[in-house]
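Asker: Spelled out, the chains give:
Protein chains: 2
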Amino acid sequence: MRSFFKVKTAEDIFESLRDIKPLEAESVTITVALSRILARDVISSEDLPGFQRSTMDGYALAAKDSFGASENLPTPLNIVGEVRMGEIPRFGLHRGECARISTGGMLPKGADAVVMVEYSQMVEDGIVEISRPVSPLENVILPDDDVKRRQVVLRKGTLLRPQDLGILAGLGISVVDVFSKPRAAIISTGEEIVDISQKPRVGQMRDINSYTLGGLCIKSGVEPLYLGIVRDRFEDLKLLIEKGISQADVVLLSGGSSVGVKDFTLDAFLSLDGVEMLAHGVSISPGKPTIIARKGNKTLWGLPGHPVSAMIIFDVFLRYLFGRLSGLSNLTEYNDHAIEAELDRNIESATGREDYIRVKLTHMEGKWLATPILGKSGLISTMVEADGIIKIGMNNEGLYKGEMVKVRLF
Amino acid sequence: MRSFFKVKTAEDIFESLRDIKPLEAESVTITVALSRILARDVISSEDLPGFQRSTMDGYALAAKDSFGASENLPTPLNIVGEVRMGEIPRFGLHRGECARISTGGMLPKGADAVVMVEYSQMVEDGIVEISRPVSPLENVILPDDDVKRRQVVLRKGTLLRPQDLGILAGLGISVVDVFSKPRAAIISTGEEIVDISQKPRVGQMRDINSYTLGGLCIKSGVEPLYLGIVRDRFEDLKLLIEKGISQADVVLLSGGSSVGVKDFTLDAFLSLDGVEMLAHGVSISPGKPTIIARKGNKTLWGLPGHPVSAMIIFDVFLRYLFGRLSGLSNLTEYNDHAIEAELDRNIESATGREDYIRVKLTHMEGKWLATPILGKSGLISTMVEADGIIKIGMNNEGLYKGEMVKVRLF
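Residue numbers (the numbering used here), protein chains in the order written: chain A, 1 to 410; chain B, 1 to 410.
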């Protein structure tokens, strides 16, 4: 078992994650539903606003009574009342009549438009002159202008934004069904790794990956479970992976995936019942020594120990995976936060793999310049210096200075 | 007092918010520090990694021992030991000697490079042949390659990203000083507004703005305090505003800012001790009927009742204000999430004001098309339909079909 070594392309891996199913739905109140993903279509049971509303402060009137009005020859109208906010007007309008109305007020019977207060002038008590004509429905919202009864307001799979919470509130929907948040168990491995509360001896390193991966999880709407550090002992590793897979939807190990003699990650994955290997190595740089296994709808990831490599693998595959687990319908949303920038030097790249290059952005004369950051993937400082990453495709031998590139902010 | 009416430009308002000071610092552990903003420079007290590390699995050696090695004429070396992870090697290398080493292992004395296992071949027990030369320091990280002692690792004002948490972890910094989260008191006003738990009568509307504004706050790293709905009674409004200003850094009222007879927002603001008016009206559409006042480092906002207008004002000014209160040094970060798109029809705009246009994005033949969404600013559904907004500047009479525009995702 140990000997097979199957390097996969990014496409292969996306393909093998395509049938990952979203998690169960749960009900949450809309005050905590921001950035959660709808598990069902929301259908309105009513019209919104439900009555004819004014969008302006002014006078409600029959539009035809204003036809011909001008600054030189304003039309006088009798004010027969004032619309009280939140109430049905108890009066109607006849020809030559109008009523004071505020923004959001309900139009009285006989009115089909509102003239703005700016185009009116009180001439005597009870009489106002209108200096501009309005057309029917001008400055008016119809009962079903915002939402129609039985309309699908929001679709299953929508990432809820502030305005989506607003429309739910407007319809009186205070609780909503969303997909459960994915949970990720995070484990660091390696004899040389110590907890950040410890002073490392020479030859040891503090655990960096638990924190970068935890941060990436939170940013992706995923709850991280920090399971700590395990030394390179098979039984310990296996127990912790079992704990992870029982408590979480995804297990993220880091550090145990290079071909070192003490790396038991692969064996530990394979020792679990019903586990299927998806990849042993991916054609991505940095990040090649990644092991991926799957057990039903759960996946196990042996990420590289190098902090930069582990972060790149997260960005390329795990954001996608978490999007699927979260039930997000538009998975390209995850790739939208990109800036166009001009590359300020040549970059070479090997064909047959995807290269991810860290870049620093500078704003110069109205455009963004992207400067590649060279540096080993073991150096977290290169990621701190970077503003984003650019991708060089499989069949590309490199990019030239002056080319426009898409920088994904990171 | 009631009569003065000062419409301000966006520039005026930014200018009057420029001296808003960041909030006090507080200490948080790095597992909850994501997206918080550093209140002090972080200076390293040590070198990272602190020792010479291998970045590969392979053999540590003196580079000069590999010079001349090739596939046809590999160089044999004696394996004199294996570097144990996390420990100082107890042996050194002499000429012609090498040691097994894993990624992250410490180089033994006498070694200055690592040859990858892929370029080696065991020929007999204790002897390995190297088929490729390495240069000094190849596949090696120096003791201070990642971070140098006394280096400023992260600057005050930095928005903490996953990699920033990683470098803090690497340096053993588990608690960090960040600026406190701003708090925003949210109040909806209007006789016609009812809580979302109530069934509105004809003429009434459920409270939408508390939820859109609350969502925008959370998205901006701000804690919303929902103070509920107040009817248009001066004393009630004043009491709630006083409550808001005592508990929060910013008070967001919505609904009471049009020039209606029952709008007491301005009076209520002016009735507070030490309040200075910043604007009564802003030259922005939608969003013109906005009242802004300031009391020391706190600000009071009378936002329009129309949901779209209130959201636009938040996006233009309040994100900026919350950036200042949060101590963010790079305030342009707030404007980075934009996509270049081609406008698919003409848009007219009035000069003398900034226009914000809702647009829907469609991906077509490798580029984004932006379609303006026409519709009254009282309709929250137009914002639900929109993917983003574009800005048309003060002195611009409009945009033409085919022009490239920046769409801020919203």
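For the record, the hints were derived by calculation from the structure and aren't laboratory data.
Nothing here was measured: the structure is a model prediction, and the numbers come from that model.
Quick reminder that beta carbons are idealized off the backbone N, C-alpha and C, glycines included.
Treat the hints loosely; a few may be bogus.
Pairwise CB distance ranges (calculated) [to be verified]:
#1 Arg-345/B / Glu-365/A: 26 to 32 Å
#2 Gly-352/B / Glu-348/A: 39 to 45 Å
#3 Val-175/A / Arg-345/B: 37 to 43 Å
#4 Gly-402/B / Arg-345/A: 31 to 37 Å
#5 Gly-402/B / Leu-73/A: 42 to 48 Å
#6 Gln-151/A / Met-364/B: 40 to 46 Å
#7 Val-32/B / Asp-344/A: 51 to 57 Å
#8 Asp-144/B / Phe-14/A: 38 to 44 Å
#9 Glu-276/A / Asp-144/B: 40 to 46 Å
#10 Ser-197/A / Arg-345/B: 58 to 64 Å
#11 Thr-351/A / Arg-345/B: 23 to 29 Å
#12 Ser-70/A / Glu-15/B: 37 to 43 Å
Chain B is faced by these chain A residues, among others (derived, beta-carbon under 10 Å) [what the hints assert, rightly or not]:
#13 Glu-11
#14 Pro-136
#15 Glu-192
#16 Leu-374
Asker: Decide, hint by hint, whether the structure agrees.
Answerer: Hints, verified against the model:
1. For the hinted restraint 26 to 32 Å between Arg-345/B and Glu-365/A, the CB-CB distance of approximately 30 Å keeps it satisfied.
2. Our hint of 39 to 45 Å for Gly-352/B and Glu-348/A is violated, since their Cβ atoms are close to 52 Å apart.
3. Taking the beta carbon of each, Val-175/A and Arg-345/B are about 39 Å apart, inside 37 to 43 Å as hinted.
4. At about 33 Å, the beta-carbon gap between Gly-402/B and Arg-345/A stays in the expected band of 31 to 37 Å.
5. A C-beta distance of roughly 43 Å is found between Gly-402/B and Leu-73/A, which places it inside the suggested range of 42 to 48 Å.
6. For Gln-151/A and Met-364/B, the hinted distance range of 40 to 46 Å is not satisfied, since their beta carbons lie about 26 Å from each other.
7. For Val-32/B and Asp-344/A, the Cβ-Cβ distance of about 37 Å falls outside the hinted range of 51 to 57 Å, so the restraint is violated.
8. The given range of 38 to 44 Å is respected by Asp-144/B and Phe-14/A, whose C-beta atoms sit roughly 39 Å from each other.
9. A C-beta distance of roughly 44 Å is found between Glu-276/A and Asp-144/B, which places it inside the suggested range of 40 to 46 Å.
10. Separation of Ser-197/A from Arg-345/B is about 60 Å and conforms to the stated range, judged on CB atoms against 58 to 64 Å.
11. Taking 23 to 29 Å as the suggested C-beta distance range, the pair Thr-351/A and Arg-345/B does not conform, at roughly 43 Å.
12. About 40 Å separates the C-beta atoms of Ser-70/A and Glu-15/B, a value consistent with the hinted range of 37 to 43 Å.
13. Among the interface hints, the one on Glu-11/A is violated; its C-beta lies about 19 Å from the nearest C-beta in chain B, farther than the 10 Å criterion.
14. This hint is violated: Pro-136/A has a C-beta 15 Å from the nearest C-beta of chain B, more than the 10 Å allowed.
15. Restraint check, Glu-192/A versus chain B: the minimum CB separation of about 3 Å is within 10 Å; hint holds.
16. Nearest Cβ of chain B to the Cβ of Leu-374/A: about 12 Å, over the 10 Å cut. The hint is violated.
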